[in-house]
Structures are given as structure tokens and as C-alpha cells.
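So the protein lines, in turn, are chains A and B. Those letters in the first sequence? Residues 318 to 571, by my numbering. Those letters in the second sequence? Residues 53 to 393, by my numbering.
What the hints contain is simulated information worked out from the structure, not anything from laboratory work. This structure is a prediction, so every number in the text was calculated from the model and none was measured. For each residue, glycine too, the CB sits at the ideal point set by N, CA and C. Some hints could be false.
So, partial list: chain B residues that the calculated Cβ filter (under 8 Å) puts toward chain A [as the list claims (entries may be wrong)]:
| # | residue |
| --- | --- |
| 1 | Arg180 |
| 2 | Glu183 |
| 3 | Gly186 |
| 4 | Asn228 |
| 5 | Ser232 |
| 6 | Arg233 |
| 7 | Leu234 |
| 8 | His249 |
| 9 | Val253 |
| 10 | Val255 |
Only part of the chain A face toward chain B is listed, based on derived beta-carbon distances under 7 Å [unchecked claim]:
| # | residue |
| --- | --- |
| 11 | Thr367 |
| 12 | Ala389 |
| 13 | Ala393 |
| 14 | Ala394 |
| 15 | Gly396 |
| 16 | Gln402 |
| 17 | Arg409 |
| 18 | Leu410 |
| 19 | Glu414 |
| 20 | Leu418 |
| 21 | Leu422 |
| 22 | Pro428 |
| 23 | Cys431 |
| 24 | Ala432 |
| 25 | His434 |
| 26 | Pro436 |
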Amino acid sequence: MPGLSVENLELSFGGIRALDQLSFEVAEGSLCALVGPNGAGKSSVFNCVTGLYRPSAGRVVFDGQDLLRLPAHAVAAAGVARTFQNLALFPRLTVLENVLLGGHLNQRSGPLACALHLPRHRRAERALRAEAGEVLELLGLASLADHLAAGLPYGTLKRVELARALMSRPRLLLLDEPAAGLPHGEVADLGDLIARIRTELGLSIVLVEHHMGMVMSISDKVVVLNLGRRICQGTPDEVSRDPDVIAAYLGEAA
Amino acid sequence: MNKTTNRILWAVLLGALVLAPFFVGTVEISAFQKVIYLSVAVMSLNVLTGFNGQASIGHSAFMGIAAYFTALAVQSHGWSYWAALPASVLVAALVGAAAGVPALRIRGMNLALVTLGLAMVFPQLPVRFTEETGGTQGMILDESLGAPAFLAVSDVAWRYWVLLTLAVLAFWLVRNTRASRLGRSIIAIRDQPIAAHTAGVNVAATKISVFAVSAGMAGLAGWMFTVTNQFVSPSDFTVLVSINLLLGMAVGGSGTLLGPVIGAAFLHYVPDAVTATGIDPVLTPVLYGLVLILVVYFLPGGAAGGLAQLAKRFSTARKPSPPAGEPARPVSQLTSSTPNP
Ligand SMILES: Nc1ncnc2c1ncn2[C@@H]1O[C@H](COP(=O)(O)OP(=O)(O)O)[C@@H](O)[C@H]1O
Ligand SMILES: [Mg+2]
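Chain B on its own, in the form it takes in the complex:
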């Protein structure tokens, strides 16, 4: 797929999403909101794991921290949702930075275990502070994020546009970063940390920063969660949510931009589809497990990776591209220009 087609596709998709409230009902729009915050959450994990190679099963906790922060700030302390937005993202990012410190010394399985600890502890906190948070019952917010009076749009549509705008902004920032020296160094650390060091990349600082940014982005998803549902409860942020995010990343394709969107749509719509077919929803995890195995086996690049492969095959069928492993040219054929001024 060349650059222009790619751009046109993204523009069409975005246009359709922006105009959606004029064509579909409130129920669908609420569903889209869920897909949006799930996309942001899967992307946050993708930034950490897909791009930087650091594992986390703790992202449900980062989401939950920001979601609860927002809920408490708005419901109990009279903040506006807008004031809670930067604050909740910042709090999640700070906790993420702290979680990133042990990640410097441990990695792989052990890092996953540390973040698992975080994910297991978090749902206990609201229970511990039941008076403030409603405990296991959860907490309903009276206030909603309403459309400004001068705009004659429904609150639902307004919330949807707010979420869409923030998500597009977040994805745009990820895309820019990926294409820059910073993005290259983030991937370099994943692929070959020793060579990254040698090229002058400050590996430790970068890893902690990526952890913080990823957690902050999960926090954004948490803020979006509270805006969407006007309700938070400990069961919304269990380890299972983290595992679902991992599943979404694997299904959609890690290390890509489109992948998290596909993964989020999968996470939201597949359980509903399962229920609709009359299969006992208890079996959803079985289905998830099956899909995961199939994806890892047949589509290691996830759905986005599979699509890219398809597009490539499509375009190479029309114009032959040079063979992959072009034989090395002898050094004697070098030009004589100098690389450096």
C-alpha cells in the first residue's frame, strides 16, 4: 500500500467516524466510545510492549488509577471532568514511572510478574477505602460531561467527539514519535539494547519514560472510561482487563497503529456476537483462547500485520519489486563520495 492510498484510507475512516453520530443511534455511539477507550488502552500497551519490548500485565491498574482519580475528583471534590483529565493522566504516568524503575533490572517473565502484582493489588484499594469509593459496589457519578450550551448537540455525541478527538491526538503523537529518532531508539532498545547503548541511546532513561508515557496513556483510557460509564467499580479493573488488552494487542497486531483499533473492536464486539448466536457467554474465554492460539499460529503480525501482507501481495502482483535477499554488491563498486562533511 503506498503512502497516498494509506492517507486516503485513514481520511475516509476518520471522516466516517466523525460523522457517525448523525447516522447511527445512541446505543451504537456508546459502543463506539467503548471501542475508543479500549483502542487507547491497547495502544498504551502496544507502545510499551509492541514498540519497546517491555511486558506489562499491570495496565488495568494504570487505567483504574486514572478512572478512580477522575471519579473521586468529580464526585467527591467538585472538580470538572476537564480538570481531572490532565491530573488523572499525570497520576497514572507517575505511578507508571515508579513501576518502570524495577523494569530496568528485571525483564521478561519477572517484569510481567511485578506488573501482575500491581494489577492484583489495585482492585483491593477501593475496597479498603469503601467509605470514599463505595467499595465493591462501585461508585456512580451524578455529574456527566455535557456539551457546552452554545453547541446544539446531544451530550452523547459530544462525549463521543471528545473521546474521538483525544484518541486521534494520542495516535497522532504515537505515529510522529515512531517516525522520529525517539521512536527508532525505542524500537532499537526492544531489538538490541546493547547496540542501542553503543549508538548513544540512554536506555535506562528511555525505558522509564516509555513506561511513564504508556501508563499515562492507559490513564487517558481510564479517564475516558469514567466519562463514558459515569461509574467505576473494582471489577472494571481486574487482572482480566489487562489480559484482555494483551489479547487485543495480539489479535490486532503489535507494533502497528491500526492494530490496537482492530484489537479493541474485537474485544468489544466479539463477546456481544457470541451472546447473539446463543452460545453461553461463559464460553467467551474459551473462544478468546482459541482465537489467541490461532492468531499466534497463523498471523504472528496480528490482523494489521495480515492486512499489510495482503496489501503487499496485492501491489507486488502488479509491479514486481526487487527480490528480498538481493546479493551483496562487491565493495569495489562503491562510489567515492564521502559520508561526512
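Extracted from the complex, chain A is given alone in its bound form:
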């Protein structure tokens, strides 16, 4: 099955089982939300998928390829991009350069072409910059292109990260709490933007988010985690009626 399939992931830190026999699937082109209380293991799932954590067992199959066999830098080449819960930007690069870095694999000039400033490299660089300009425009960041990432407001930086992730033309996008730190009024707009990105670019998205309103309105499927285990999955409707979920998570949030 194309799309993402997480199978029996096991991950421990010392005595803590961060992920416990975790399995779920994300159909191609769909938007799947991953929800659960803090410490449930949501970010750990992303870190396993992107090769930053090495689970002790399990598989992560994307487009028929086991991502766990790849080194971290090769996961991007397989079409996976992500944002980070606590921001992982390059503070001493400009906003534009941060976004350009997301397109690192789209422009393949070798070291010599770069160092010698060869014409074909310059053309490729111009094309990449034009593309980055469009992404910045889409995310309302165009006016900040030449600003260093350091010192910008948190919500803006979250969007720079989203721009950087989109710039790699991913087929699977992992978003870790994209709405955290946004003023309340902007959360719904971000939800619309994510839904639009999904349909317009036709990519699969896994969304970790605490704003249940946004999750319920844009997701095709919701997977609920608690203590590293999947306690429930289904459509937003099914999940919001599940008694376990109401007890473990939605209850306290509501």
C-alpha cells in the first residue's frame, strides 16, 4: 500500500517505553492527526520516521521503502519533510536561506560548480530562489526574506519552518504542533492553510496538534496515543465519541 505505514514500533529511553508496539497507517494523500497528552510519544514517532531516533523494533514503510534502513539525511530524499515542536531553524541564516536549505536536494550543483560559480549552477540557484520566493509568498513571509531567522517572533518562525519543509517538495509532511504559540485567532487560518496545502500539493500529512478544533475539522483520520500506545483510531467523529479517548485526553482538554 502506498502512503505511510508504521508497524510495531518499539522505542525506550532507559526504563521509559516511549513507543510500545505502535502501529498506524496513513493513506496516500490523506491528513492523519496524531493526538495524545504530553509525553504520549508523538514527537518520538516523528523522530523515528525521520531517522533521528532508532527504534529497537518495528518498521516504517513509505512508498514500499523501509525508512528505518536509511541514514537520517536520506529520509528527505525519500520524500519526507517535517517541522519540529521546539523549532530547529538556522538562526544565522536569513529567512530566505533557511527556506532555500529546505530545497537542498532540489538543486544538485556539486562542490566544484558551487565554488567556481559555474553558469549552470547560477541558473539552478536562480530557479531555486524563485521557487523559495513563491513559498515565502504563500506563507506571508516575503517581506522578511532577508531578515536573519534569529530574533523573529515564535509564530513567524513556526511558519518559516513550514516553508522550509514545503520547499523540499515532500510527498509526506510531518507537522509537530504547528499552531503552538500562535494567537488564538490565527489557529483556524493555519488549519485552512494546512488543509489547502494537502489538497493543492496532493501530499500526505501527519499532524501533531493540541488544538482539537483544528484537528477535528481538517483530519481524515485521528490516531490517539497514550503512554506510547495507540488507544484509538478512526474518523474525527468516531474518535470524539470513544469513551477511552474522552477519559484519557479529550476529557481533560474540554
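With chain A held as given, fit chain B with the ligands onto it using these hints.
Just chain B with the ligands now, kept in the frame of chain A:
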């Protein structure tokens, strides 16, 4: 400072440097040569530390390897300086690549200690092979890099132009690289290696390559050293030289192009200036220490960083630029263009 002013400034500076032999004496030109190889050496460290965030106190060793390689090849094996140029750079780069491997597992303080080991061992090698190298006495080269006969220029001026050309070439390559995807990934690794991985940057390979290129560039400075001085000795490549390079980088400003030149000029001229004022030269390290503390405290971007700040203030005084922390625009104001084809 806008692009055009910047270009004009660089062009004027370069023009003046190229024409210098017609206006100043041999002594000054020799001094310029030293500033040139020091600039290249500081730049090599800047590429590794300033851009890529890897520490090294071992750059004196990379310089020394290439300087001694050149000296031995020319003096004992009849090579020309020109043949020794690529070979000595390559040897330094290979040793650098080997030194870059442990740098993958260790970083920060421990990496500095490993490279410190390299810097401490290197001056012992010529002593160990005293018969070939002259040991602590050093080694004088009979041959010099002379101007080709068909050019009616002095050897000193010729050597100066050779060094200047190579240094400009090296700086140009660094500048191009900095502005490319490779340069972005090098800085990305310094700032946030995890995100660099996730964006598809091969962090390990890049770090080793940067180490090799940086060491090769220090090797170029070493070749220039031998060309300039026609003499090498173990005391020219001690740990102190590495520390001076670090000082030059900090004073000039790391992560910049102009910084290493300022830093190198500082390293060369300040000790002379100290002597000229009649202060005991023994106190030079004290002065260095003082300057370092002041720079770190008041000019964290070094002299080049300070200049850039000044230029910025100058230009913003004339035309107001948008405030730094422009408030985030609501997502609802987004345009509807799609990012990808
Ligand atoms: N790098 C780490 N080292 C130690 N423990 C970790 C690490 N990353 C995550 N954990 C632990 O794994 C569990 C799941 O964390 P995480 O995946 O960050 O949860 P979530 O994103 O759902 O809040 C928590 O108990 C957390 O303390
Ligand atoms: Mg998390």
C-alpha cells in the same frame, strides 16, 4: 552597505594591492606577503570554525606539514615550487580529512583537545628527523621562487603577486561557496545539525570535507610561508601559531570574508607597533590577551562585524528600513499561489 558600494570598495582595495610594488619598498612588500599568508591561514580556520562550527587548535600543524613538504621537496628532491604547490596542499588536506574523522564523534572542547595534540606533536617531527630537516635549527632553501625571465619584474614583486593571486582565488572560492547550497549547508550544520540532517544534508560527509578543505587551505598558507621565507623551522609551527590564528579570527570577525584580512594585519603589525613604542615585546601576549577580552566583550562580531554594524547604522540613518521584529501577518492574508509545480 549596498552591493555596488561593496564591489567598488573591494575593487579599489584589490587595485591598490596589485599596484603596491610600484609604490612601496621591498621591506613593505615582504611584510604584505606575510599578511597574505596569514590571511589565508586565518581564513582556513574561519572556514572550519566560523562557518562550520568545528574547533581546531591544529592549524599550525597543517600549515607546517605543507611548509615542510615544500621545503623538503624543493631543497632535497629538486622539485620546483610550482610542483610542490598542489602536492603540499593535497598532503595537508589528506591529513585534515583524517583529523576530521574523529571530529564526527567528538566536538567542542574534546575536538579542540584532539587538534591540540596534533599541534603539539608536529614540531617534534622535524626534530625526530634532524638529518633531513635540520632539526631545531631549521632548514634554509637555496632556491627561491623567481620571476620568469621574460617578465622584467623583481623576484620580490613576482612572489608577492603570486601570493596575492592565489589568496584572491582562495577567497573568491570561499565567497562563491558561501553563497551556494553548499555554503548554506555548511552553516546549517554549525547552527542546527539535526535540522540539516532532516533537510537532506549529509552532515558527516560535509564535515569531513570541510575539515579537508580547511586543512588544504592552511596548507596553501604553509606553501606561501616557505615561498616567502625560504626557511622553515619547528618554532614556526608551534601551538602558539594556532592560537594566534584563533586570535586573528576573533579580532577580524569569524564567518566573514574581510575578517581574516583584518585579523592577519593585526597579527603582523601589532607586535611591530608594540616594539616601536618601546614596550618590552615580552608583553605582546599580554596585549593580545587584553585585545581578545575586549573584542569578545565589545565586538562579538570582530572588526568586520563592527564595520558592518557601522555601515548599517550609516545607511539606516538615511533611509529607514522596516523594523526588525515585524509582527506576524495573520495567515488569512496569504496569497493563493501554489509553491510547487
Ligand atoms: N531524547 C530523549 N531522551 C529521553 N527521553 C525521551 C527523549 N525523547 C522523548 N523521551 C521520552 O519519551 C516519551 C515520549 O516523548 P515525546 O515523544 O516527546 O512525547 P510527545 O511529543 O507526545 O509529547 C516521554 O516520556 C519523554 O520523556
Ligand atoms: Mg512532542
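The hints, checked one at a time:
{"no.": "1", "hint": "Arg180", "verdict": "violated (36 Å)"}
{"no.": "2", "hint": "Glu183", "verdict": "violated (40 Å)"}
{"no.": "3", "hint": "Gly186", "verdict": "violated (37 Å)"}
{"no.": "4", "hint": "Asn228", "verdict": "holds (4 Å)"}
{"no.": "5", "hint": "Ser232", "verdict": "holds (4 Å)"}
{"no.": "6", "hint": "Arg233", "verdict": "holds (5 Å)"}
{"no.": "7", "hint": "Leu234", "verdict": "holds (4 Å)"}
{"no.": "8", "hint": "His249", "verdict": "holds (4 Å)"}
{"no.": "9", "hint": "Val253", "verdict": "holds (6 Å)"}
{"no.": "10", "hint": "Val255", "verdict": "holds (7 Å)"}
{"no.": "11", "hint": "Thr367", "verdict": "holds (5 Å)"}
{"no.": "12", "hint": "Ala389", "verdict": "holds (4 Å)"}
{"no.": "13", "hint": "Ala393", "verdict": "holds (3 Å)"}
{"no.": "14", "hint": "Ala394", "verdict": "holds (6 Å)"}
{"no.": "15", "hint": "Gly396", "verdict": "violated (10 Å)"}
{"no.": "16", "hint": "Gln402", "verdict": "violated (12 Å)"}
{"no.": "17", "hint": "Arg409", "verdict": "holds (6 Å)"}
{"no.": "18", "hint": "Leu410", "verdict": "holds (6 Å)"}
{"no.": "19", "hint": "Glu414", "verdict": "holds (5 Å)"}
{"no.": "20", "hint": "Leu418", "verdict": "holds (5 Å)"}
{"no.": "21", "hint": "Leu422", "verdict": "holds (4 Å)"}
{"no.": "22", "hint": "Pro428", "verdict": "holds (6 Å)"}
{"no.": "23", "hint": "Cys431", "verdict": "holds (4 Å)"}
{"no.": "24", "hint": "Ala432", "verdict": "holds (5 Å)"}
{"no.": "25", "hint": "His434", "verdict": "holds (4 Å)"}
{"no.": "26", "hint": "Pro436", "verdict": "violated (12 Å)"}
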